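Please construct the entire structure, taking both the sequences and the accompanying hints into account.
Going line by line, the protein sequences match chains A and B.
Quick note: the first sequence uses the working numbering, first residue 2, plus one each step.
Quick note: the second sequence uses the working numbering, first residue 2, plus one each step.
Everything hinted at is true.
As the list makes no split between identical chains, a pair holds if one copy fits it or if it spans any two.
Computed list of lysine-lysine pairs in DSSO-like fashion (alpha-carbon distance at most 30 angstroms, straight line):
#, residue 1, residue 2
1, 168, 49
2, 49, 89
3, 89, 186
4, 186, 49
5, 133, 212
6, 212, 194
Derived from the structure by calculation, the hints contain no laboratory data.
This one's a predicted model, so the numbers in the text were calculated from it and none came from an experiment.
Number of protein chains: 2
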Amino acid sequence: MMDGSKPKVSTKSKRRQRAPNAPPTGEAMFAQRAVKSLAETLYQDLHKSIVAMDILPGTPLSENEIAAAMGVSRTPVREAILRLSDEKLVEVVPKSGTFVARIPVSALPAAQIARRALEIETTCAAARRATKEDIVALRDIISRQYAIVETGDNSDYHVVDDELHAKIAEIARLGSLWDMVQQVKTQIDRCRKLTLHDPGRKSFVTVQHEKVVDAIEAGDEELASQRMWDHIMGLQLDLPSMVQEYPNYFIPDMDLTAT
Amino acid sequence: MMDGSKPKVSTKSKRRQRAPNAPPTGEAMFAQRAVKSLAETLYQDLHKSIVAMDILPGTPLSENEIAAAMGVSRTPVREAILRLSDEKLVEVVPKSGTFVARIPVSALPAAQIARRALEIETTCAAARRATKEDIVALRDIISRQYAIVETGDNSDYHVVDDELHAKIAEIARLGSLWDMVQQVKTQIDRCRKLTLHDPGRKSFVTVQHEKVVDAIEAGDEELASQRMWDHIMGLQLDLPSMVQEYPNYFIPDMDLTAT
DNA sequence: CGGTTTTAACTTGTATATTAGATATTGCGA
DNA sequence: TCGCAATATCTAATATACAAGTTAAAACCG
Chain A
2 MMDGSKPKVS
12 TKSKRRQRAP
22 NAPPTGEAMF
32 AQRAVKSLAE
42 TLYQDLHKSI
52 VAMDILPGTP
62 LSENEIAAAM
72 GVSRTPVREA
82 ILRLSDEKLV
92 EVVPKSGTFV
102 ARIPVSALPA
112 AQIARRALEI
122 ETTCAAARRA
132 TKEDIVALRD
142 IISRQYAIVE
152 TGDNSDYHVV
162 DDELHAKIAE
172 IARLGSLWDM
182 VQQVKTQIDR
192 CRKLTLHDPG
202 RKSFVTVQHE
212 KVVDAIEAGD
222 EELASQRMWD
232 HIMGLQLDLP
242 SMVQEYPNYF
252 IPDMDLTAT
Chain B
2 MMDGSKPKVS
12 TKSKRRQRAP
22 NAPPTGEAMF
32 AQRAVKSLAE
42 TLYQDLHKSI
52 VAMDILPGTP
62 LSENEIAAAM
72 GVSRTPVREA
82 ILRLSDEKLV
92 EVVPKSGTFV
102 ARIPVSALPA
112 AQIARRALEI
122 ETTCAAARRA
132 TKEDIVALRD
142 IISRQYAIVE
152 TGDNSDYHVV
162 DDELHAKIAE
172 IARLGSLWDM
182 VQQVKTQIDR
192 CRKLTLHDPG
202 RKSFVTVQHE
212 KVVDAIEAGD
222 EELASQRMWD
232 HIMGLQLDLP
242 SMVQEYPNYF
252 IPDMDLTAT
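This is the structure:
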């Protein structure tokens, strides 16, 4: 590199210099992320698999294996795993191994409480702000839920369920609260995959949804939040028996006999 | 790679084989993370600098520059930046640059609401569970706050402030809620750095803290949460004037004239 | 001199190589 | 057979190298 064959005079060394405190000006800022990075894709895939309990807690995840299996290098795999580690979906043990995270028992009641608090707030705000168009959108989602209940197709119900909650948050202009709910909800979702679901429950839940929307339409904050409360509290996990049945999937960091 | 010069007979290929669904058994699991990884250190440093507004929104962050300055490779720097990106503290524009994130205006009211909801929940639970020892610990923190108020040392007050809220969450056995609060609080904290603080305010806040603790000691959920509400709502940011004064530090993704 | 094109230097994204630590197996000695 | 030490081979952590894309300044042209 020390050769003297520079085409002309050395071009004054400093070329591109961005002014300090200059936000990006180029067009890349507006790109719609047409191509997801490999790391992003891998992250989404792994996230989905872990939350769906397709990969069970405790399962070793090898960066090398995944990289080889997906035909990419370790770097994007690693970046995906680090993100999952921040979300407590994998446990990285330095120099030793990476494992699908076991579910910390203590996180489950806390998650339920946090979710309840956030969704109540969201529901109240939605009841205050909802327009006629918003109500139409909500009822559309509910009708799609009823359609799924009819067909009995299990897989898609929770997606539309989430869609409703997301829409309520959007109406409340509190989308970021729904993002938080989604985060805390993941461990609960993983638990739910461990239990068989009452087939009549989906119908029951949809009716609950409808009642919430009724109250939002009426602008009755109190009633709407009460109904949302009932809806969320309706999901009760039998922790002790679950932990007993699948001890390897949990971190028993809480006394289950206590409150 | 196709050579046939394997040293001996291939040693039965499979050696170390970890049983499926086997959580880690080694001692590394219990290591107290004696040595923080470079990535972790860099993350903490950058996080601190950004939240303290030592690095202003819009400032370009070059992975190469940081790596060179710290005498490490790009890899740990990159991992730190990716984490900050997940927390919305930096904006990464692919193939273009990385910048200290501007503050999304819409996130601020939402953060306030989320924080309020979570801390109310925490305070109620703490009022139910607090023991005599817990109250002693809380009062100790408050006395340290008063000490800081006396000296007028600005820098450490917010640390002890956070300590109190963290302790309340710990008493409530809802530490994870405090973790969530800390996350949403960061953008608010960055804003607060932009405004001069009333020197009498610290004293006022400490009195509020004391009143909250009084209510917790009395086991009065209602009163405690009411006082916590007042305490949290006492912090009002004058968004319009802040955005006007520092337009480059904000993303104006919300109509400030509306509610 | 103004507008356009070229181009080189900068960016992050990904791939590969090296390093250092953890651990299950192995082999040895009692 | 049991306990223990040696070691091979796994792991994640870090370093380096390369590729693909962006952008601002320089070169060119009118």
